[in-house]
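The residues making up each chain are set out below.
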Amino acid sequence: MEPVVEVRGLVNRFGRQVVHDRLDMQVDADEVFGIVGGSGSGKSVLLRTILGLQRPAAGTVRIYGSDITQLSEEQLRPIKARYGVAFQSGALYTGLTVLENVQLPMIEHLKLPPAALEGLALLKIRLVGLPADAAAKYPAQLSGGMVKRAAVARALALDPELLFLDEPTSGLDPVSAAAFDDLVVYLQQHLKLTIVMITHDLDSIFRTCNRVGVIVDRRMISGTLDRIIDDPNPWIQAYFHGERARARLGAAHGA
Amino acid sequence: MRRTAEGLELELTGEWSVRALAPIEAALESIDVASVPRIRIAAQGITHLDLSGAWALRAFVRRARRAGAEVQFHGTPPDQLRLVDETLAAKEPGESAAPASAPAPAEPGERALVAIGRYVVRSGRDLVHGLAFFGRTCVTFVADLARPWRLRPISIVRHVYDTGITAMPIVALIAFLIAVILAYLSAQQLRGLGADIYVVDLVTIGVLRELGVLLTSIIVAGRSGSSFAAELGSMKLNEEVDALTATGADPIELLVVPRVVGLAIALPLLTVIADLIGLAGGALLCRYLLDMPLTQYVNRVNESISATTFWVGIIKAPVFALLIAFAGCYRGMQVRGSARELGHLVTVAVVQAIFLVILADALFAVLFMRMKI
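Same order as they appear, the protein sequences are chains A and B.
For what it's worth, this note's numbering labels the leading residue of the first sequence as 1, then goes sequentially.
For what it's worth, this note's numbering labels the leading residue of the second sequence as 256, then goes sequentially.
Fair warning: there could be bad hints in the mix.
[As the list claims (entries may be wrong)] The following residues of chain B were derived to be distant from chain A, with all beta-carbon distances above 10 Å:
id, residue
1, 375
2, 378
3, 557
[As the list claims (entries may be wrong)] Some chain A residues close to chain B (C-beta under 10 Å, calculated; not the full set):
id, residue
4, 115
5, 120
6, 138
7, 140
8, 141
9, 158
10, 190
Simulated from the structure, these hints should not be mistaken for laboratory data.
Where is the CB? At the ideal position from N, CA and C, for every residue including glycine.
The shape of chain A in the complex, shown without the other chains:
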């Protein structure tokens, strides 16, 4: 089966600072792929490159088989309609209500009657677990967790097959974060989504991810969670076997 996202030999540099040096990454259909890495390791730059917001210095980025680094803005449009993105801080349009935020991608890409626009947007809002009365609210009136859910609702507006989440649980309390993880799993299973998720949250990784890719030394080491945990790389060891991780690991192995 063709990989959904395939990054080969990616090089990103800003001036003299090299962020990625021949980085490879592959995401297959129907999996939740977690991107992990230390602060400043280039997780967000990688995501921006995959989304076409940043041109890499070298390498290819294929989404559903087409190399987005070679395509024009016009050619990218149909591909962009196949994936949804929920940014870290939500990036909801502050001047629009949640309902209008969710409708915006549909208005941009499709010609639908107003009743269908409203019905579909409400469906997506309910799907991510927001109450219907959140639809009429402005982003400033929402709590942090609701903003993240609204961002996912907007990302799902065009019924994408691929979903990018940038640190979806950062800034949430553990209970909300766990609820959000459940949402990710629920969406993945019911909508047959492929999800690429940047995260720092160990609990999130254990609960949601099938495979993880760790960015260390400007390259990516990826594999199933069990395989990655036993990787000898010192940063990975520190990350998965540090003080904070041990309790979690113990619980996972004990179960």
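Dock chain B against the given chain A, drawing on the hints supplied.
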């Protein structure tokens, strides 16, 4: 998508995705479900069904059921349909059974009255808040005068640079052009009367008393009033202002006072430049349009102005500067919530700054007339 209708059997085929939703909706819409006893739907032929497609199908099924038809699926209904059903049927936490009753719509006349009343109340409140903001800034400034190390000289210098030095080219250009226009216009009118020499009076007094300071202020209101409002407004949106307050710093002292003081220094200096360039522009035009030697122009300028002419113009500059800076900062600080509000309040800031400047200029004109200056 094909339909074979006998007692109504629907065979759904093709791609039921969000991209094809408009024709699907139209096709479903066109099916007449009235007085159809039963509908059988075969969904196995659908190659791709996403949530939006399922939503459209569900809407159709509900419409048919409401019309009294019995809807059956050939085989099991698609999973996606069940998911949509579950999502929309799920009871929400805290969802009340009956929707809150909306207030009864008012009569048109009543509505207009309500709108006027609301506008008046809002304007009054706005005025009070604006005055309070003005007062707070003044108090902070006066308090800081007693401890000058808190006046942020570096910040003030930065604002003098941003609002003054960088505005010099445009202010000079506008002053020059206005002087040329004024000289040209008056030369045309006065030459017929043989009163060429009064062109100099007109340009000199016009530029020094009114136009130099007024046009400079209007340019600065557009440039710096908007930048104050936008800068403070985006800091508010970004919670930077809250962060300052939380660390115990006073945003008024840190953000507003340096801007006000900076502009109050910069605008008079800009006015001096505008006056100079304006007079130079007048000289140039008189030299080439009226063949008036430069010495004669300078003599005439000396004769036409009194001791107060220049000061009458320049004294207005700091007042205008205060009005512009306050309009910009106050509107900037009012931003909360959304990017749209930021744009709206920046517009309000510039419009009000220009309006206040012209209003103040009119008051000055009356005042100076009473004082016989």
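Status of the hints after comparison with the structure:
1. 375: Non-interface label stands for residue 375 of chain B: nearest chain A Cβ at 26 Å, farther than 10 Å.
2. 378: holds, 23 Å
3. 557: Per Cβ check, residue 557 of chain B is outside 10 Å of chain A; nearest 58 Å; holds.
4. 115: Holds, about 9 Å.
5. 120: holds, 5 Å
6. 138: Holds - the Cβ of residue 138 of chain A comes within 10 Å of chain B, reaching about 6 Å at its closest.
7. 140: holds, 4 Å
8. 141: holds, 8 Å
9. 158: With Cβ-Cβ at 6 Å, under 10 Å, it holds.
10. 190: Interface hint status for residue 190 of chain A: holds (5 Å vs cutoff 10 Å).
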